[in-house]
Amino acid sequence: MPIALPPPHAGSSSRLEMPGTLEMSSAGLYCPAGGFHIDPWRAVPKAVITHAHADHARSGCGHYLCLSSGKRVLRERVGASATIDTLRRRETMRVGEVDLSLVPAGHILGSAQVCITHRGVRWVVTGDYKLEADPTCEPFEPVETDVLVTESTFGLPIYRWGDPQETADAINAWWRASRDAGRTCVLFAYALGKAQRLAAMLDPSIGPIYAHGAVMKMVRAYRDSGVRLPAIDQLAAATRRAGGGRAMVIAPPSAAGSRWLRTFGDTSIAMASGWMTIRGVRRRRGFDRGFVLSDHADFPGLVQAVEASRARRVYVTHGSAASFARFLCEQGVEASVLATRFSGEDGSDEPASDEPSGQQDEARDPQQGEAS
Amino acid sequence: MRRFAQLFHELDATTRTAEKVQSLVVYFRETPAEDAAAALAVLSGQRQRRGVTTTLLREWAAEAAGIPLWLLEESYAAVGDLAETLALILPDGREDAASAGLAETIASTIKPLAAASVEEKRRIVHDAWQRLRKDERVVWHKLITGGFRVGVARTLVARALAEIAEVDPATMAHRLMGLSAITPEAYRALLDTDAQVHDPTRPYPFFLASPLDDAVARLGDVAGWLAEWKWDGMRAQLIRRGDVRAIWTRGEELASEAFPELIAAAERLPDGHVLDGEVLAYADGELLGFQALSRRAGRRRVPAKQLQEIPCVFVAYDLLEADGVDLREQPLAFRRERIAALGLPVFGGEGGGPASACSHADQEDDRPHLFFSPQVVATSWDDLARARETSRQRGVEGLMLKRLDSPYRVGRPRGDWWKWKVDPLEIDAVLLYGQAGHGRRASLHTDYTLGVWDGDTLVPVAKAYSGLTDAEIAEVDRIIRQTTRERHGPVRVVEPTLVFQIAFDAIAMSSRHKSGVAMRFPRIARWRRDKRPEEAGRLDQLRALLPPLPPSRAL
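Chain order of the listed sequences is A and B. Counting from 1, one number per residue, gives the positions in the first sequence under the working numbering. Counting from 1001, one number per residue, gives the positions in the second sequence under the working numbering.
Don't read these hints as lab results, they were simulated from the structure. Mixed in with the good hints, there may be bad ones.
Keeping only pairs whose Cα atoms sit at most 20 Å apart, straight-line, the calculated SDA-like set for lysine to any residue is [said to hold, decoys possible]:
1) B:K1134 with A:T83
2) A:K217 with A:R75
3) B:K1463 with B:L1546
4) A:K71 with A:M24
5) B:K1134 with A:R160
6) B:K1134 with A:R283
7) B:K1134 with A:P164
8) A:K217 with A:G79
9) B:K1134 with A:R289
10) B:K1463 with B:L1425
11) B:K1421 with B:V1216
12) B:K1134 with A:A170
13) A:K46 with A:G79
14) B:K1142 with A:R283
15) B:K1463 with B:T1483
16) B:K1531 with B:T1449
17) B:K1134 with A:E166
18) B:K1463 with B:T1390
19) B:K1111 with B:T1183
20) B:K1419 with B:T1390
21) B:K1419 with B:W1381
22) A:K217 with A:S81
23) B:K1419 with B:V1377
24) B:K1134 with A:T167
25) B:K1134 with A:D169
26) B:K1421 with B:T1449
Chain B is faced by these chain A residues, among others (derived, beta-carbon under 10 Å) [stated by the list, open to error]:
27) G286
28) R326
29) F327
Quick reminder that beta carbons are idealized off the backbone N, C-alpha and C, glycines included.
Let's have the full structure, built from the sequences with the hints guiding it.
This is the structure in structure tokens:
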């Protein structure tokens, strides 16, 4: 089936013309043949959710569909009364005129790629994904497809992640040194996903681990889903000085500069994010340490995923979409930019700064209205 | 190299002065003199000759990384630092590579680059990439491209070395000042507690004034203070010791070659004298302004035509050494009396000029080149405030206030020397272009080009960098991305929607700017969210602020 090319990228007004299978509606990606949206940015009757980060999972939809392992986490995000249906890994469901299945994306617990087969043509929407091993979620599985819609948050060749074990060692070494200096460690990370992944990396023999309320809520959701995590205490007001300078505190970046943080006295503050690759970003945020750790694919990972998909047509969203699409074109892949709200309101083709106003998961202030 | 890279990243990672000094102390304590001397040279800003162009480096790095050159450039735009960009995109080197010391690395991979053929350069660079780790490569790239800057002030290096040598930081600062060749022997001598290092070319560390942000009356009795004009020139020390005549800028650059007329004039000073003062471009009783001076500064050889067109003078306001004796501990009043005794003509004042008692004219030219900075006499702070109001007509930046009983200190300790600048000029201007910043501001659009109305078009009049809060910078960055009309490399042309009030110290005619005017120190005073672009300032308003200059002097 011929696939119509979208017009040249022209900001938010561009429409993705993929008749019958996927189109860009005012609420986000929509599949008319199946009558559902994927990660809609406002309430719709039927939403297929790639993962439970706030910019992908809005509350108020009539029906939600997600990977079974992500149900508990999604529940935390969309509320007790929401209707959530699930699919097991690679289980296929007929929805309207399309076959729909969900395949693990390795981003956070329950994250999925959405696979749609319509009139013999397969479409895969990756959502956010990473290829690295992560003990707190199912690994990414490549899917062969005709059309691929991939993220490209870190779609520049400067982003190449190291071995996560080395990052874990560096974090534990920092914790040990801070403890020996009588200083509490504060590690900033996105409250869902990154925080739990970090918790699983920590060596609990060094000292006690505490978490901010927003992190703790998701720690419970992970444990309820069967993920093993070390002992973590929620930090109640009275216990803030507990651990006597020996503790590791995991908190969302929105806690930076807060009164809550000042109660710890002498602290060493670090951030774990892919953006910490760039020295200037680290310095601008004024962290004592920056650990490069991301739940998104790095540049080689993105290239590898595109190759493994064997897609004939690739749409790129998020972050460095324009650069990555151009790079793919030069490699002989038919690729173009798909503007979505996940990539910032202006469809920026540069990595957004990681100021709180940025739109990337790792970059934005993840807990607006949630952090106490 | 690994240890030095570690030091670089430690200095980079903290903003706390005490921690920086501690990192330096530990580094210098545990590093052999060879490498420590090399490190000190690098930290003091000594540049290696650029041995390979960044164009070649980019090509080789893109090739090694297997990416097209345009993608490297896009990456550079995101990182804001070429040395770091190259380090990030290059494939990992050999795991087992041993790390050479800094001195050896410079000797074997940096020094030979300049004279090498392109093929040899390529081999040296590839070989170094194989042997260096990512964190070392950042530093190495900075060294070979001559772009090494680290957020560590010289005073911090002096403090660290002073701690090791167990001497006063001011003593160490002086030992370091103008140290011409930093050899391992010179480095050892620095740390020698008892050494009396005496290099006659060496200047003293400068005493710097702080901006006066409080009410001037709080300074106490006006009689305890010396007021002088704040000249808009180049701070410098003029040295005459035996055969040595030298002029040093505040940035510790030897500028003797740029100002041959001042070196010639120094001949007339008595032996063993060091003056602190200001270099000014000055002809026929008129200040030519900073722009003219900057065409002279930094030159190795000054063309005769420029010597004619932009003659320079030295206006002395302090005397640090007389007859070989260090006067810095003496009160300012005493030091001023000693300058007066030299008989230099008073600059711009009655009694100045060639007819004064002692004419310091050189052989070729009977115009004097050395002057004494006059006191602005006043009996009250109100008098001085009124005098300060005349600064702009005089072509000066305001007043300097110096405590008469103060010694000449090192660095910028507050309390004895204040600069009391005139209030800046201001105009509302429209944002025309945004460019991503560097370093801490990488990937944020923080460099703004602003324009005012000339008829119904906007003409650029200033580039400004600072003055906004981090939150405002982030917001402006977002608006720039949303309103981009065109992109030219890192520069974005935007829809004119944002109005900023810009402040500047002075304005001069300029043939090098499309608008015909050039601002001095433009900076953003505030964001005028209440103004629409149509309400911004006009070019004729700026022209009205121009000082009356004869057309022949327009630069």
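Of the numbered hints stated previously, which ones are contradicted by the structure, given in increasing order?
Per hint list: 1, 4, 18, 26 violated.
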